[in-house]
Structure formats: structure tokens, C-alpha cells
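Listed in order, the protein sequences are those of chains W and G.
Per my numbering, the first sequence starts with residue 1, numbered consecutively.
Per my numbering, the second sequence starts with residue 1, numbered consecutively.
No lab work stands behind these hints, which were simulated from the structure alone.
SDA-like mimics (lysine to any residue), calculated; alpha carbons at most 25 angstroms apart, straight line:
id : chain 1 : residue 1 : chain 2 : residue 2
1  : G       : Lys4      : W       : Leu11
2  : W       : Lys66     : G       : Pro215
3  : W       : Lys66     : G       : Thr237
4  : G       : Lys4      : W       : Ile8
5  : G       : Lys317    : G       : Pro114
6  : W       : Lys67     : G       : Leu239
7  : G       : Lys203    : G       : Asn322
8  : W       : Lys67     : G       : Ile3
9  : W       : Lys67     : G       : Val249
10 : G       : Lys113    : G       : Leu311
11 : G       : Lys4      : W       : Phe70
12 : W       : Lys67     : G       : Thr237
Covered by chain G, according to a simulated footprint, are these stretches of chain W (three or more residues, beta-carbon under 8 angstroms):
id : stretch
13 : 31–39
14 : 73–87
Beta carbons are placed, not taken as given, at the ideal position from N, Cα and C, and that holds for glycine.
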Amino acid sequence: MRLSEEGIRGLVAAAIVSLMVVVAVRLWSIDLLLGQSEFGVFLAIELVAFSMLLYLYTRVSYLHVKKDWFLLGCLCLALLLTLAILVR
Amino acid sequence: MDIKFRRIIDWFDSRFGMTETILRPGPDYSINLFYWLGALMVVAFIVQGVTGLLMLLYYVPTVEQAYSSTLFIIKYVPLGRLIETIHLYSAYAMVLLAFAHLMRGYFASVQKKPRELMWIVGMLMGFVVLGFGLTGYLLPWTVISKSATDVTIGMLGFLPSELANVLRFLIAGPGSDAAELSRFFDLHVVVLPAIFTILLAAKMYMFEIHGASEPSTGVKKKVRSIPWFPNIFLYFTMLSCVFLFILLVGSVLFPLALPAQFTPSAASAFVPQPEWYFLWIYQILKFSAFEGAWAVLPLVGITAFFLVLLLLPFIDKSKKRNPAHRPVYVTLGLVFVFEVIVLGVWGYFTPGQVIPNTQALVIMVGIPLVISILSWITYRTRRTFQPAGSRSGSIFRFVSTPFKAPLLTGLFVLLLTSCSIPLAFAVNLMASPWSNIPLLVSSVLITALLLYLMSRIVKKLAAEHPVMGARHEA
Numbered sequence: 001m002r003l004s005e006e007g008i009r010g011l012v013a014a015a016i017v018s019l020m021v022v023v024a025v026r027l028w029s030i031d032l033l034l035g036q037s038e039f040g041v042f043l044a045i046e047l048v049a050f051s052m053l054l055y056l057y058t059r060v061s062y063l064h065v066k067k068d069w070f071l072l073g074c075l076c077l078a079l080l081l082t083l084a085i086l087v088r
Numbered sequence: 001m002d003i004k005f006r007r008i009i010d011w012f013d014s015r016f017g018m019t020e021t022i023l024r025p026g027p028d029y030s031i032n033l034f035y036w037l038g039a040l041m042v043v044a045f046i047v048q049g050v051t052g053l054l055m056l057l058y059y060v061p062t063v064e065q066a067y068s069s070t071l072f073i074i075k076y077v078p079l080g081r082l083i084e085t086i087h088l089y090s091a092y093a094m095v096l097l098a099f100a101h102l103m104r105g106y107f108a109s110v111q112k113k114p115r116e117l118m119w120i121v122g123m124l125m126g127f128v129v130l131g132f133g134l135t136g137y138l139l140p141w142t143v144i145s146k147s148a149t150d151v152t153i154g155m156l157g158f159l160p161s162e163l164a165n166v167l168r169f170l171i172a173g174p175g176s177d178a179a180e181l182s183r184f185f186d187l188h189v190v191v192l193p194a195i196f197t198i199l200l201a202a203k204m205y206m207f208e209i210h211g212a213s214e215p216s217t218g219v220k221k222k223v224r225s226i227p228w229f230p231n232i233f234l235y236f237t238m239l240s241c242v243f244l245f246i247l248l249v250g251s252v253l254f255p256l257a258l259p260a261q262f263t264p265s266a267a268s269a270f271v272p273q274p275e276w277y278f279l280w281i282y283q284i285l286k287f288s289a290f291e292g293a294w295a296v297l298p299l300v301g302i303t304a305f306f307l308v309l310l311l312l313p314f315i316d317k318s319k320k321r322n323p324a325h326r327p328v329y330v331t332l333g334l335v336f337v338f339e340v341i342v343l344g345v346w347g348y349f350t351p352g353q354v355i356p357n358t359q360a361l362v363i364m365v366g367i368p369l370v371i372s373i374l375s376w377i378t379y380r381t382r383r384t385f386q387p388a389g390s391r392s393g394s395i396f397r398f399v400s401t402p403f404k405a406p407l408l409t410g411l412f413v414l415l416l417t418s419c420s421i422p423l424a425f426a427v428n429l430m431a432s433p434w435s436n437i438p439l440l441v442s443s444v445l446i447t448a449l450l451l452y453l454m455s456r457i458v459k460k461l462a463a464e465h466p467v468m469g470a471r472h473e474a
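Chain G with its partners taken away, still in its complex shape (with noise of 0.2 angstroms):
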């Protein structure tokens, strides 16, 4: 390292003692962006905290004030647009960096021993971000903003009376306007960020005593440890810069403009739609076959969705974490995530409208059906193309390996053009399967046929060009 850089270094050292913290060295595979996507989302938060604290100097949470204090922060504050727009974009930040932790970690397999409580007080932290978005959103009291809220916390009428009264009660108060205004703003001031720390907190510490999860393809024999200052703490700084830098960019080009105010008028002639990240739970709302009483099956649905998630690593009892050897822990990882995508886009392009029960099918069905079927074709073709007795690489390393084999990825793409067919009259007559069953039989018997041929042409191919197998041997 440069001698001057060393001494810079060891001037700051000698004062703060920073290289006997208590924060241990990381391995070097830790140096990696995708090891740190829980601390951008810190990062984010902390923007938020000090945007949020700044805007807490003229912002008044009444009904009367809210809007017009917003108003005046973005017209007539120095920096007041920008701020706002960072506190906004820093929030998506963190539901993005918030799912995309998750789904590393799934994909990974972090949850595994020792880590369980890790990955519990992780999924909590991600459950209070989300609150933080639903709390903010309502502060400006904007028309979008009220009328999204107000559909919120409608949605707690499909559950039990007594229970949705105690909720209502918690997250809304006794009724009014002015209550729930009140409440939404202590609970995103105060508790929220409260909670938020404590859980950080005890996800730091016990982060600090099993340290970064190893990668779920294993470890080279000689690990390298990195001492956490300089190296780790200057990498980490480097990596918010780039991070506030994005955040910046973003708001520069896209400021926020603050949509009309929350009048009862208003709010008559608006459709309301709650905010990107809930779109995809509110788009399955919209189904018809939902519509009335129907609506308590989708909220019990997600809840027990986010249940089986929390308790993930309770559930999922296997040793196994390598992506390659988990076809259906990876397919299901997969098919949430078209899902949350597809509906997302799907909701924000039609808002209000009910959704027709063909139109749910074909979605709710086709892309889980679409995404086993090529989560299948990868595996096998993954399997027959790695010899017995040789090692398993990472299934990422296989996904390349097509473009070194182009005869085999023009033959894919034809088979899987012409399975495509086949399939989509199967889901799509899966709407009203009784009405011409011969047909559908016949859509699956084809669907199967031809991922028969494919198979058979693949493990022939396979014969001749053991691609992984000579990669690992070699």
C-alpha cells in the first residue's frame, strides 16, 4: 500500500483505534456487490433519516397543513425539491435493495443453520419497510396518496369485524381524517424507525458472530481474510458513493412533482392505485373471481405466503444450498419473482379494472407452468450434460455455457418456440377446461411429446460435447 495512503491510515487509527473494533475481518469472497445489499438498504435508510429530518423543520402533519407544507418545502425551501425527491427515491431504494436481499439470500440458501434468526429478524426488517412506505405515503395528503391509503386500510374490512376494528384502531385511529393523519405520521416519525433500528441491531450482532454466509457453490481451500478497516470500510464507502450518486442522478432527472390535494371531489373523479411495490397484491385483488366475499381467499393466500417465508428455515430442512442441486426451491424462487414483475407492470397499466378469470388463469398458471418447464429443460440438460463422478459447478457458470455451444442454443430456442404453442392453448383453454377437453388433451400430449424429443436430441448432443463435465475436469 502507498506510504502516505498508510499514514493517512494509521493517523486515524492511533486516534480511533479503528482496526481493534469489535467488527471482525471478512472473507475475501465478501467482496463481492450482491454481500452487500443489506447495508445499501442502511445506507438508504440513513438518507431517509437525515432527508426526513430535514424536511421535519417545516413540514405540519394536520390535515389543514400537510399539503400546503409539502408544497412550500418543494417551492420555496433552498433544496427543498431535491430532498423531497431523495426521500422518495431513496424509500424505493430500500423496497428494491429490500427484495433484492431477500432474494439473494433465498437463492443462496442463507437461512440454513446458524443463521435462522438471522433471516427472521431480516423478513421483520423487510415487513417495516414496507411499512414505511404505506406510513409515508399519506403525509402529503395528496389526492393519489389519501385515496390509495384509504384503499388500504378498506382492505382490513375482509377480515373478521373484531380484528379489523383493533387494526383500524392501531394503524388508522378512531376515524377521522385528522386521527389517521396523525397516527400514519407518529408511526413513520417514531415507531417505525424505532423498530427498524432495534432489528438492525440484533441483525448486526449476530451477523458479527457467524459472520458473511460462505457461497452456496463452496469455498476455494485458502481463504483470504480482509482486515475491516482499511479495506472492508473503505470498500463499503466507495460502494454508498456510488449508491448516493445513482440516488442523485435520479432525482436530478426526475424530480417529484406533487400530484393535486386530497379534497373529497377530487378523490371522486380519481382511480386509485396504491404504490408500485403493492401493486402486485392489489392486482390479484382485482380478480373477479375475488370479487365479495371471495376477496378474505387472496389476503389469507399472501399472508400464508409470507408466513412460510418468515419460517423458511424452519421449513426448509435440507443441507443442500448449492442453486444447481435445488431445481425446486430455485423454480419456486423464480416463479415469485415473474410473478411480483408481472403483476406489478400488469396493475400499473390497468387500474380499477376488474380482471377477467381467463385473463387471471393465464397468468397466475402460465408463467409458473412456462418457468417449470425451462427450469426443467435447464436441469436436465444440465445433468445429462455433466458426466458421472465429475464436480458440479455453479448453475450460473452453466447458464453460459449455450454460447460456447451454438448448435445446441439454436436448438433449444427452436424447441422451445415450437413447445410454446402447444402451451399456450393449454392454459389458455385451462380458463373453462370441461368445454372441449379433447382439445386440451391433446395441447398436453403435443407439449409433452415434444419436451420428450427435446430431451432425447439434448442427451445425444450431450454425448459428444460434455461441456460442464471437461470444464471441471480440466
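Extracted from the complex, chain W is given alone in its bound form (with noise of 0.2 angstroms):
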């Protein structure tokens, strides 16, 4: 299974717009005095998805899609969905 592969890239591409999109409507009901915090964990979960979603399409057209980065996002990702739990 490689990222390249159109269809995989299409499958990875619409979860990650599903999580920006979870995200952002979770960014809109945060108020934005008491939960500044989980408000910035938020914006960089977006940003770390927007980032994958980029590396997905730009890289395929110079060089090759690496897994490893992807993963790291992926985790990246994860810890972030920790820590917005943990400053909520």
C-alpha cells in the first residue's frame, strides 16, 4: 500500500478533511476567554492536518510521498487530541 497510489491518497485526503472539518466546528463553540488554550490545541490540530493534507498533494509531484513524515503528523495529531483534552 503506497500513500502515492491515487486511491489511498483520495481515502487519507477525505479523512483529513473530516477531521479539519470536526475541528473547526469545535473552534467555533469554544469560548474564547476560558478556553484560550484548547482553542490554540485546536488551530494547530488544523494546522498539522492542512500540512499533511499539502505534503500529500505536493510532494507526488518532485519526489516521493514518505511514509515516515506522514506518520509523524499522524502522531503529531494524536498528541494533540491528547492535550486538548488535558487543557479543557
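Take each chain as given, in its own frame, and dock them per the hints.
Laid out in C-alpha cells, this is it:
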């Protein structure tokens, strides 16, 4: 299974976009005075997810997508989601 | 490229003509983080601008309200604490990135023809970044920021009085606290951003003419050209997102805590300490040798050092760019980096203490000595290991070779450890060289003997294991 395969890439991209939409909804509903840390963490999640999406689509044009970098992004997302729960 | 993705790109391109922009395509070697440190600094500058503008909605630059309005932003404004913290950390990031960009440029010798002016403009931008730090630090009017700023302005007193008076008036106004705050606010919000933007435009213009500098180790025969849009644009967007993510996480984990408000009584009980990026300079000024009338010496020295760095393209005329062929140049750069780090950390842990001459000498002489010896060993070994006629490689590639030769690595460590003992003796004795000349001479001689032995053993081993040459010939 290679991330550069179009079908796989489409599925992964759809998963990332779904996550971004869910996080965006959560961002919209956060109290901006009391939940500043949570807002910051969720915004960071959006940024990591967006950069993963860009990586998935831009690297293929001149280099192979490396699974390691992508897995690091997933690990970051997992850590950030944990952090978001902790700072609530 | 994916057809759907291509269609989205084409849609934007047909509306904005982005493939026809003035920005030139980049070579494939520029798809590397080290080529984007300056650009990330500009991202940090934009973050500074946006967060700064948001804070301006509430901040009042008067002595009476500067602190209370900052506290109000942190406590009562939605996202206020986060924005304040991001503003602070993006300022730190700007300084760090500017330093990293400078050192990367130095080691890769990017200042050579035809990029001399780009180097000078970049250095000026670095000074403006430090100016941002200095002027912004005062604005919350805390006991730490005001005391540290007073120390910095007080340093002008070591200059000739006419020059000091003019500079003091330009930076801090006619003398009152209100004028000082107002002047710093104007510099921070209007003057410095305007200068930075003009310099940035000049640098971008020159960059578009000359393009990214080639790697100092040379380029492969066929360099692919990568279009600015969408590839480089999206790559840079990705890097910026990662940078902003780090900034955000740092701001969430370590939010800003505002120190106490400045009052003369609070300041008298407080030891002033500048921001971390000025600590190395401050530490040098605390050496007991530079007390009183001698304090002008380090200021002149540091000014001269920055002048040399600014005019480096006209001083360093050598056409060689590869660090592997520039031992003196690389060693001087490493000494500077290590001195800045060690003096900065040392300064952080010794606030307000006068540093005895012996300790100062150990750091100011010991670090250059140790780095010079290590550098000499590395370059000599590298030359020994590379048979005549073989192509030279990057010094960084060479550094990884000891891991392929564990015997050599072990021997290095053993000899270096043995060397450090007489070397430490020699450095310590240099504080009072006339007191024990025989011990000093014997320490130096033993160090030299160990170095000679090291070079002989390495040479013998090199004959059996031509690591670099074999790699390149293959």
C-alpha cells in the first residue's frame, strides 16, 4: 500500500478533511476567554492536518511521499488531541 | 499530479495568473528547510504584525496605563493571553531564525559575488530584529522590562558624551519615563516595521535577480527547475503551517505570565537582566576586567565584530565556498556560535554578578582553544583519510564516517580525553601566567605531544582505511 497511489491518497485526504471540519466546528463553539488553551491546541490540529494534506498532494509532483513524515504527522495529531483533552 | 487537484490549481491560475508571476522557478536543491529559514523569519514577522495590530486595539502607551492595559488584554480580552504569548514567542522565533539564517549563510559562504549586497541587507535586517526586541520589551512597563531597558540605555554612557547624548535622545527622548515609553512605542510600531519592510523588499528583489545560492559543496550535473506555483508555493505554505503549529503549541504549554508593574521601589529590589538574546553581550560587560573606565573596550570590540560581519563579503575574498576547504573560516564561525551559547547560558545563571577574570579567561580563551584543536584534528584527519586525487566531499558527510570505523572513533575519544587534562591546566594557568611558568610550559608541551601522537596514529590507520576516498571513487 503506497500513499502515492491515487485511491489511497483520496481516502486519506477525505479522512483529513473530515477531521478538519470536525475541529473547525469545535473551534467555533469554544469560549474565547476561558478556553484559550483549547482554542490554541485545536488551531494547531488544523495546521498540522492542513500541512499533511499539502504534503500528500505536493510532494508527488517531484518526490515520493514518504510514509515516515506522514506517520509523524499522525502522531502529532494524536498528541495534540490528547493535549486538547488535558487543557480543557 | 492528481487530476482533481490539477483542476483546482488551474482554476486559481486562470483567475490570478500565478504561474506568470514575477517569482522565478526554484532549483530542486532549494526544496530544503535550510533554504527557507529567512522566509520563515518573514512569516514570524507577519505573525508579529497581525498579533501586534490586535493588541493595539487595547494597548495604551502611557506610563499610567501601559501595564494595566497589557494586564487587561491578558485577563479580559477574548484570546488576549494567547495573542500576547504568540506575539512574544514569534519575536523569539524571529531572533532565533535570524541567527540560524546568518550562520547557515556564513558556513555556506553565500555572501560571495554576486550576493554581497544581499548579505549586507540581511545583516541590517538582523539588527532591526534586535531593535524590535529591545523596543518591544519595554512596552508592558514591567519591573523586568523597565530595569533591563535602563541598563541598556545606561550602556550608552560609556560612549563619548556628545555621541551618547544624541543617541540617548534619539532612542529614549529628552529624559522622562513618558518620553522614553512613547519613543520606544513609535520605534516599535512605526519606524522599525517600515525599515524592515523596505529592507525585505530590497532583499526579495535581489533574490529574484540572483536566485537561491548553489550548495557550497557544488551541484549535480542536471538541476531540475521547480515552478514557483503550485510546487514551491505549497511547499512554503506547508513549512509555514508547521512553524505556526510549533508556535501555537509553545504558546499553549508556556503561556505568558506578566511580572509585577514597574515602580522605583520594586526596581530597587530587582536585579536587572536583559532578554536572552542580549545576555551574551551583557555577560561580557560583567567581566571584572571591564569595570569602570574599561567598559568601553568590550563595546568597541563588539561593534567592531559586527562591522566585520557586515562587511564580510569585502573582507573574505577567497573563491572557495566548500566548508571542507575553509578550516579557519569554519573554526571562527564555530567559536562564535559556542561563545554566544555558553555566555548566554552563563549570563542567565549569574544575574548581576561580576565575573572574575580567571573564569572569564577560561571561557573566552578555553572555548576557542578547544574548538580550534578539535577543528584542526577533524580537518587534518579528513585530509589524511582522503587519498590524493580523489574528489572532496562535504565536511558533514565526513563527520559521519567515524560511525563506520568504531576503532578510530574509540581512539579519538581516548586521545581527546587525555588531551583535555593538560589543556585544562594550561587554560587555568593562563589567568596568572607568570606565577608558574614551568607547569604552564609542561602542560602546553604535553598537549602538543598528545596531538602529535594522535595525528601519527590516525595517519597510520588512514593508510588502512581510506574511508572518504573509497566512497568518492566508488
